[in-house]
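Relying on the hints, combine the two individually framed chains into one complex.
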Amino acid sequence: DGGITQSPKYLFRKEGQNVTLSCEQNLNHDAMYWYRQDPGQGLRLIYYSQIVNDFQKGDIAEGYSVSREKKESFPLTVTSAQKNPTAFYLCASSIRGGGNEQFFGPGTRLTVL
Amino acid sequence: AQRVTQPEKLLSVFKGAPVELKCNYSYSGSPELFWYVQYSRQRLQLLLRHISRESIKGFTADLNKGETSFHLKKPFAQEEDSAMYYCALASGATNKLIFGTGTLLAVQP
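The listed protein sequences correspond, in order, to chains A and B.
Heads up: the first sequence begins at 1 in my numbering, then just goes up one per residue.
Heads up: the second sequence begins at 114 in my numbering, then just goes up one per residue.
Chain B on its own, in the form it takes in the complex (with noise of 0.2 Å):
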């Protein structure tokens, strides 16, 4: 079965620490991966794609197929990083996005 796993539903960091959210997938195929962001008030974006290697924001993301995993990574988390990041694989050739539940990132001054 096609599924994404974040396990935290909350983490709570202060200014400057390292951020990693967890996400684990299964799928059977090639995997297409994405973190999506949702910050307070405005409309569910993307952050980043392992396709694209990008780092965004400071954020990094391997795909690492040996443990399905597509942790989200930060070095220094800023206060502006606090929102809800959620990991979603594509699914096929429709582009069907299967998301996790999300994991609220609130970063303390």
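Chain A on its own, in the form it takes in the complex (with noise of 0.2 Å):
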């Protein structure tokens, strides 16, 4: 079940401390997103990025940073100013431009203690 990637799967952090999730795909996909899924919330977005070296703020960015110095990896950055980190964060690639699918990871599980 290859495509795109998260790891790791389950991430504890203590309070002030920054963590890095993983995104990689290898669909050849200019295109990816980090989403944030909260129970009742659905998913929100927190970054995108169109192509490499280029990333835009989402919905829900304050907190978080991206970098995208290569186009199979997109990895997200929560940092300790995101004052409710715990959440499930879902990682999805596609083809540039409007109404194509999104290929969605399996997502990562961060807990802050």
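There may be inaccurate statements among the hints.
Unchecked claim - The calculated lysine to any residue pairs, modelled on SDA-like cross-linking and capped at a C-alpha distance of 20 Å, are: (1) B:Lys170 x A:Phe103; (2) A:Lys57 x B:Gly205; (3) B:Lys186 x B:Ala130; (4) A:Lys9 x B:Arg154; (5) B:Lys135 x A:Gln41.
To be verified - What the simulated footprint calls covered on chain A by chain B, stretch by stretch (three residues with Cβ under 8 Å from a Cβ of chain B suffice, anywhere in the stretch; the number is not a length): (6) 37-48; (7) 104-112.
Calculated from the structure, these hints are not laboratory results.
Predicted model only: the values in this text are computed from it and were never measured.
All C-beta atoms in this analysis are idealised placements derived from N, C-alpha and C, irrespective of residue type, glycine included.
Encoded structure:
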């Protein structure tokens, strides 16, 4: 079940620590996305990138940062500034352009202790 | 404002009964609408999109611009249809998805 992978599956962090979530894809997709999934709230967009070395803030970017140095990789850093980081994080990728299917990774569950 | 509304958190039906999962949207342009599904212990995946007008696993969805709706329907529910269903709207050329809050479909035997 390759295509797009996320690691780790579970992550625990102490308050005040930054943590980086990995997302890798071998689908040759230009576009990549990070979503946060909370119970009862659906998925909300954190950051997205349409091409290497470029990314844009989504609806809930505060307390998060990303980089896109390679086409295959789009890591997400959850900083200590994120007030409520405990959540399920999903990465996705797609062909660039509107209306295209997004392919999702298996997700990372982050728990702040 | 761009928004997707799924009014039902949970929909419980018996096997063989018809299913309709509701989705309404708010979007100023020409919408690109999708249904994504998440089965237990599986990743989120595309079920269908309005532009393809396909029927996938017996599900169909028709875009009604007058009512700004994109309801998902299936005439006879199966137990394997039990899952979380998300309606989503693609925003412009960036393909950002705006998701509804999801509806959990539970098909009882």
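Hint by hint, here is what the structure shows:
1. B:Lys170 x A:Phe103: 19 Å, holds
2. A:Lys57 x B:Gly205: Since the Cα atoms of A:Lys57 and B:Gly205 sit roughly 15 Å apart, the hinted pair holds (cutoff 20 Å).
3. B:Lys186 x B:Ala130: 11 Å, holds
4. A:Lys9 x B:Arg154: 12 Å, holds
5. B:Lys135 x A:Gln41: Roughly 16 Å between the alpha carbons, so the hint for B:Lys135 and A:Gln41 holds.
6. 37-48: holds (count 7)
7. 104-112: holds (count 4)
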